[in-house]
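Residues per chain are reported as follows:
2 protein chains.
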Amino acid sequence: MRKLKNEELNRISEEEYKSAEKSNLCIVLDDIRSMNNVGSAFRTADAFRVEKIFLCGITATPPHREINKTALGATESVDWEYQKDVHALIKELSQKGYVIASVEQADKSTKLDQFRPDPHKKYAFIFGNEVFGVNDEVVSNSDLVIEIPQFGTKHSLNISVSMGIVIWDFFSKS
Amino acid sequence: MRKLKNEELNRISEEEYKSAEKSNLCIVLDDIRSMNNVGSAFRTADAFRVEKIFLCGITATPPHREINKTALGATESVDWEYQKDVHALIKELSQKGYVIASVEQADKSTKLDQFRPDPHKKYAFIFGNEVFGVNDEVVSNSDLVIEIPQFGTKHSLNISVSMGIVIWDFFSKS
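Chains as they are written, first to last, in this note's numbering: chain A, 3 to 176; chain B, 3 to 176.
Chain A on its own, in the form it takes in the complex (with noise of 0.2 Å):
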């Protein structure tokens, strides 16, 4: 076997990017605190082609040197909005159809491998703070919660690898 080169993995352009056909997915980082992070999530949203990133609270927006420290340039062709409000945001996203599915650990969560996402629905994939995780509010106002099952000693993991892992599952799955 062969390791491909840059050239000959054909990926597409990011005007190419702007007009493809994207997932039933948008993600909302609310109050992320580690540009890593951010930027983290950019370059796997540009992998599995989310629709959109919401920004909310505390998280810093682009263009930022540190976010594209993991981005990569990913903020130039995935899309995003700075909404302050995350309550006002998930408002709007429930109106216009979309489930509210806040990535935590809860008393009624559905376990990641027991999702199956509806092909005919939109979802919002809300992400919260590194140390107090998704606001209370919003996880009491969620369609759904996800969690994603863990075995070992360690309370969580990374936000950066629970986008990994919950976006490859969507999209794996769709």
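Derived by calculation from the structure, the hints in this document are not laboratory data.
Hints are not guaranteed to be accurate.
Copies of one chain are not kept apart here, so a pair can be met inside one copy or by any two copies together.
To be verified - Dumping the calculated SDA-like pairs for lysine to any residue here, alpha-carbon to alpha-carbon at most 25 Å:
# : residue 1 : residue 2
1 : K86       : N8
2 : K5        : H157
3 : K24       : R13
4 : K113      : E139
5 : K7        : H157
6 : K20       : T112
7 : K175      : Q116
Using the hints provided, position chain B relative to the given structure of chain A.
Leaving out everything else, chain B in the frame of chain A:
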């Protein structure tokens, strides 16, 4: 819905972890430059009970403050070993019956969504350097190359995210 408190997550202790059943998966980190990626490997491996992490070449080893910033103590639960020479390690794992699977973009790769792990076999997933990828000779000597299909403008995902995706995917299919 209500978020669970850390004590409600019922995570196991380090002692329980050591004797708990592990998955049929080892991971090999060869020439990984970033200690953030090494730490993330431990944290993800802990969650999905990876059997063992092999650290090769220039990959830094615990204990190290920079590794623990992301590992958050998972270097104490997950079994690991440093083996300088990745080629010797792969030969040894192969002789022990492990399926050697490089995670790369290659000409005869198996796309991750098509990959079905054999429940009767053990696997070693190889991850390579952040810029240069998995060593060419290692790719050539692998039993298979697993490729995460990507549909955006960028050439690759970051290593922590790639590890999260393939380890979750293996776990959820096992």
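For each hint, the structure was consulted:
| no. | hint | result |
| --- | --- | --- |
| 1 | K86 to N8 | neither (38 Å within a copy, 28 Å between copies) |
| 2 | K5 to H157 | between (37 Å within a copy, 13 Å between copies) |
| 3 | K24 to R13 | within (15 Å within a copy, 37 Å between copies) |
| 4 | K113 to E139 | within (20 Å within a copy, 39 Å between copies) |
| 5 | K7 to H157 | between (39 Å within a copy, 10 Å between copies) |
| 6 | K20 to T112 | neither (32 Å within a copy, 28 Å between copies) |
| 7 | K175 to Q116 | both (11 Å within a copy, 12 Å between copies) |
When each numbered hint is compared with the structure, violations occur for hints 1, 6.
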